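My request is simple: use the sequences and hints to build the entire structure.
Spelled out from the first residue to the last, the chains are:
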Amino acid sequence: MPEGAATPELARVTSRWAVDGSHTIDGYRSSGSYAGYESIKAALDMTPDQVSGLVKDATVLGRGGAGFPAGVKWGFCPPGVWPRYLVVNGDESEPGTYKDRILMERDPHQLIEGCLIAAYAIGVAQVFLYVRGEMAHAQERIAAALNEAYAAGLVGKNILGTDFSVDIVLHWGAGAYIVGEETALIESLEGNRGMPRLKPPFFPAAKGLYMAPTIVNNVETLANLPWLVAHGVDEYRSVGTEASPGTRLIALSGHVNTPGVFEVPQGTTTFRELFESEQYGGGIRDGHHLKMFIPGGASAPWFFPEQVDLPLEGRVIGGEGSMLGSGAIVVMDETTDAVKACLRVVRFFARESCGKCAPCREGTTWEEKILQRILDGHGRPSDLDLLLDVADNISPGPYPTAAHPDAGLEAVPFPPRQTTICPLGPSSVAPITSAIRRFRPEFEAKITKRDSIPVSAAPAAPAPTPTAQGHH
Amino acid sequence: MSERPRKIEITDPVEITVDGQTVTAQSGELLIEACERAGAYVPRFCYHPRMEPVGMCRMCLVEVDTGRGPALQPSCMLPVTPGMAVDTTGEKVAKAQDGVLEFLLANHPLDCPVCDKGGECPLQDQTVAYGPGESRFVEEKRHYTKPIPISETVYLDRERCILCDRCTRFAKEVAGDPLIHFAERGAQTEVATFPGEPFSSYFSGNTVQICPVGALTAKPYRFKARPWDLEESESTCTGCSVGCRVTVQSSRNEVLRFQGVDSDPVNWSWLCDKGRFGFEAGNSEDRLGEPLLRDGGELRPARWSDALTAAASALKGADADRVAVLGGARLTNEGQLAWARLAKSVVGTDHVDAQLGDGLPAEVVLDLPGATIDEVCAPGGTVLYLGPDPKEELPVLHLRLRHAAVNDRVKIVSVSPVATGLSEFAAADVHPRPGETAVLVAALFGGDVPSDGVAGVPAEQVLAARELLSGAQDLKVVVGRQNLAESAAVMVDAVAAVRAAVPTATFLPALRRANVRGALEAGLAPGRLPGRATLEAPGSWKDAWGSLPKSVGRDAEGILTAAAAGRIDVLVLLGADPLSDFPDRDLAAKALDAAGTVISVDPFVNASAARAADVVLAAAAFGEVAGTTTSLEGRVTTLAQQVTPPGTARADWLLAVELADRLGTDTKVATAEDLWAQMVEGSAAHAGASTEALADEANVDGVLLALDGSGFTAPAATQVPPQNSYSLRLVVNRSLYDHGTLLSHCPSSAPLSREATLVLGPADAESIAVTTGSPVKVTAQRATITAVATVVDSVPRGTAVLHHNLADADADGVDPGRIVIAGEPVTEIRVEAG
Ligand SMILES: Cc1cc2nc3c(=O)[nH]c(=O)nc-3n(C[C@H](O)[C@H](O)[C@H](O)COP(=O)(O)O)c2cc1C
Ligand code: SF4
Ligand code: SF4
Ligand code: SF4
Ligand code: FES
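Residue numbers (my numbering), protein chains in the order written: chain A, 1 to 472; chain B, 473 to 1306.
Incorrect hints may have been included.
To be verified - Over 12 Å on every C-beta distance to chain B, these chain A residues come out as not near it, computed from the model: (1) Q126; (2) E148; (3) H171; (4) E313; (5) E442.
Unchecked claim - Listed below are several chain B residues computed to face chain A (Cβ distance under 7 Å; list not exhaustive): (6) M528; (7) R530; (8) G571; (9) R657.
Since the hints were made in silico from the structure, they are not lab data.
Model, not experiment: these values are computed from the prediction.
Don't be surprised by glycine CBs; every beta carbon is placed ideally from N, CA and C.
Right, dumping it as structure tokens:
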């Protein structure tokens, strides 16, 4: 089964995935595309500003979803305010996203070295590594690696004999998708219920953990740093595009022959290549053809066969009305029921809503209930407009859009405007607008034919009014 | 209702545009406030001006353009910035607000017809004002068991809850009792208590008041009335001396509810539960509706003319030096003045004391330079706290102090014999041995600190506290009685120590009973006359009243001692119950038994009256008499008459005027206002507090009396004997819910009083081999009592605690009144396993 990079030259963060014992300190030092723990030595020979400059010049884009350049973000810490914290976002829980977990399980030292480099550049003495509650194996591997690194004098006081000292604290989440959102993660770290803070005023770089300047970065973002320091800016930028240089991890799942996590050049690889190449997805399931795909995590508006030749480039995909997000691509072939798929995604958001704000808490649940009712054979013709309007009340239109008229794509709400505190609520809108606009007849068929389950076996539905009934 | 337009002072103006109009706002203030002042009220549920905004409900969305195009933003979270353009009514805003309301209503049960909140419900009101006409939500709603009790008094209906975080935020941020919290997530999110731990907060009733729907209801009011049937007036709570402003609401001549009013210098809209539910006592079946006379050993109903004649003839026949008046701190200012005149001028006795051995001398309250609550809590200040546990005795003052320390960087140096509610957030918290507070206080300001500490406080703690006080500009001191088992002189000495070190310090007296300050201001203390005049310097009172007592009389302890010795022929109990109130119950009992005629003026037959009164004059209670009251900081506010007294019970002031009349003095008083006019005329300190001034809009929060007291001179220091190493020093302190007369008549609060136990620290408990729950024998000079031990870490070695008035008067209970001897500087006890 293929996984990781297609060629050894492309393997930057995945270079030790196939190596036995790569999770130990010896394995880390003796294998891979750069020598483990040499990059931190090199970084400590530079000034912190030089290290930040390197990250800025290379344009290391955040891999957590928003694609914001890490070097620029680090610069947002108000000057002269201490302490500062670095928080590593290892809460990865969006459906279809499983790249950070493998990075943490197979190459924990790479992440630790990435943390050290970032901590040195930002001026941080305490790093919090927040790992999703369910990822027991990753937690164990990181804990073991941290013990090794502390014992080797690579983490802790006076690292490598310099006056640079940093502690890395491993923190286990308790299993909530929303704590992947950076401000909710900070709340959770503080010991509170994981509910997002409102931005503004609580931008972490200014008022984060314990109200101190805090940089939150994704696991993959930081895992790129040792390679970058070892190889330099030019080599980092040698693949990918001007705006999106380097490689990134794509978690491919769904109806392809060989799903997996692949390290691909950013910006140049197309969806078609990813789905069809033997090095990657190995083609849509045999005998079937593509119906739709989610290009960047459950929050992303869906794409359809017309978009398979687009490159995996944040701006291009943004211009088409969706996003690359966390790099999770879910492929669905023609056997997929669009209504069920839509419900599946909406239900995820409804269950994971933190409950803080009314539009998300009540709206996502309402949407889930309507979709379930339609699937249960109790849909009403007015339900589709109702779904769209409820969606609009969570994420109001009209939307700035660069919809692709050639692709038959109408405007979808991206980037979302929101009546909510964080983007989780509006995320539930993406599958609804995508599915209804593209597959309205499928919804209507469910409503008029009531084909899911026999009506007589259904639980008593609220008595429909004559006008609302309007069919048969 | 409880919301008053908030006054703000614009010191740093910012221009913004609200719905096309230019508006001047204060830089940094929240947009929702600026819009409201500009006349554009933005609907809201979660926002509360006294708590941190959370932006949860999303009802207050408005469209804001700060130069980067209009965007929907919650106005409760957004500080104004120059040039901000705001649209509060446009199409997008209306759609968003409609949408939020629809979401909030989606799972709302709409049981308005049976909901207490119906008629005063923001959700109902805003649905009418902004909401959609009909529901598009046809799904099954969320279901929960209908109201569940979350404490003895508060019920939660989770179906009605809109998850605004007001109650939970209040519990955590304001009360510091984070006992309710959100549980579950998404649409299953609910307010919950922790398993097995009820929401037993002294402040729980506030959550009911601020809940924007009918999700939280309070037992005393549930299903009692509909809002539109309520009549209301603004008044002041007389549960303690903090003087919280309240709205008193009644229906059919029965008080049914108190709501806190946002008085900026005082209670910020909060009330404690004792105060909030205290109205229940007024509605008690035990209220006296007619006077009583003792007849063959029994108190029997009498006619007013007979009762007043009996009282008057007892007073008339007695030698003035053998008449004494105890109490008066529960009366209105007007009642106090009328009784002061009756006692001091008409009868001619100076044996008058409003405090029952549980307060501070009048000089400490009136003759020291005063500090207000706001001054004590001013951001960045330093406070030396020498008062009783404010959480137990002055609850809303506790909230203000908590806010000051937690939010406004106020450093509190708390000195008390055992830990208090302040301990959690005080910058320093030291516990001197009982009786040695003054020694410790002196050490806080200088001098050598021996390595083994001062008064039982370790040296490093003394030095750390000294450090905090050393830079203090404008030191504020809160002083009160911390320990009823030591004499008041201990605290007077502590005050003298502060004055010696920091002559500019100002003082807030922390006394518990509601109008104790008013009583002292009215002259209900030995040697005192109204308006801070004294027998030595009577000012205009000599002319106004005619005769005055010749010499300074006895205080409460002296009165009771004299009575016990058979030297008091008439003892008037003015809303006083020495058996429950006086720390030495033994002396109180002897005094009552040996006094001649005992006249009780009270809304109830209290324990002392039941034992000894010959005449009981039925008095009107809170809400039944209009007048004024004076809070601990010297703030005069109005009391409203909202209902009529039961039967023929009469106002206290009227009883004094009638008795004076029967004794041949025409006081020229026809109304309570006449009395107050006499006070304002005769007292420079009261000059600004006339009836007219109090009615002025500008004085909605009342009028502060002059606080420039200067007559305090330190008496000779009290000698405290060294502690015997075999004994423990006793602390007797109060708890919020005790067995006081009023509380015992509040069905909701009475069951909340705690068990009376002997509280010990772990080291002492170990040395006599007892643990929590063990029986112990407590031996003191006068008596031995048995109790059950409670062992807690917060009681220092060498100290033990009993609570005042938790045991019934006659029972053979754990009653410190049986062992405390009035006048002794400290009380030593020996504790053995028993
Ligand atoms: C609902 C929600 C869930 C998120 N979950 C994750 C997550 O699991 N992992 C992650 O790295 N970022 C997640 N993010 C993005 C983070 O808020 C944050 O932008 C990111 O961690 C920043 O790291 P980066 O700059 O390195 O990408 C989530 C955001 C939202 C709104
Ligand atoms: S949008 Fe949803 S997840 Fe985000 S804060 Fe609001 S309720 Fe919580
Ligand atoms: S119970 Fe009331 S105050 Fe508490 S969260 Fe619910 S609606 Fe808000
Ligand atoms: S603190 Fe005192 S005045 Fe305020 S509500 Fe409580 S009892 Fe009443
Ligand atoms: S009042 Fe602003 S969000 Fe609730």
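Status of each hint after checking the structure:
The Cβ of A/Q126 lies farther than 12 Å from every Cβ of chain B, with a closest approach of about 25 Å, so its non-interface assignment holds. Residue-level check passed: A/E148 sits 37 Å from the nearest beta carbon of chain B, beyond 12 Å. The non-interface label for A/H171 is consistent with chain B: the shortest C-beta to C-beta separation is roughly 20 Å, beyond 12 Å. Against the 12 Å criterion, A/E313 stays outside the reach of chain B, whose nearest CB is about 26 Å from its own CB.
In this structure A/E442 is separated from chain B by more than 12 Å, as the shortest Cβ-Cβ distance comes to about 22 Å. Taken as an interface hint, B/M528 checks out: its beta carbon lies about 5 Å from the nearest beta carbon of chain A, inside 7 Å. Of the supplied interface hints, the one on B/R530 holds, with its beta-carbon coming within about 5 Å of a beta-carbon of chain A, less than 7 Å. Using the Cβ-Cβ criterion of 7 Å, the hint placing B/G571 at the interface with chain A is satisfied: the shortest such distance is roughly 3 Å.
The closest approach between the C-beta of B/R657 and any C-beta of chain A is roughly 5 Å, which is under the 7 Å cut-off, so the hint is satisfied.
In this structure, none of the earlier numbered hints is contradicted; all agree with it.
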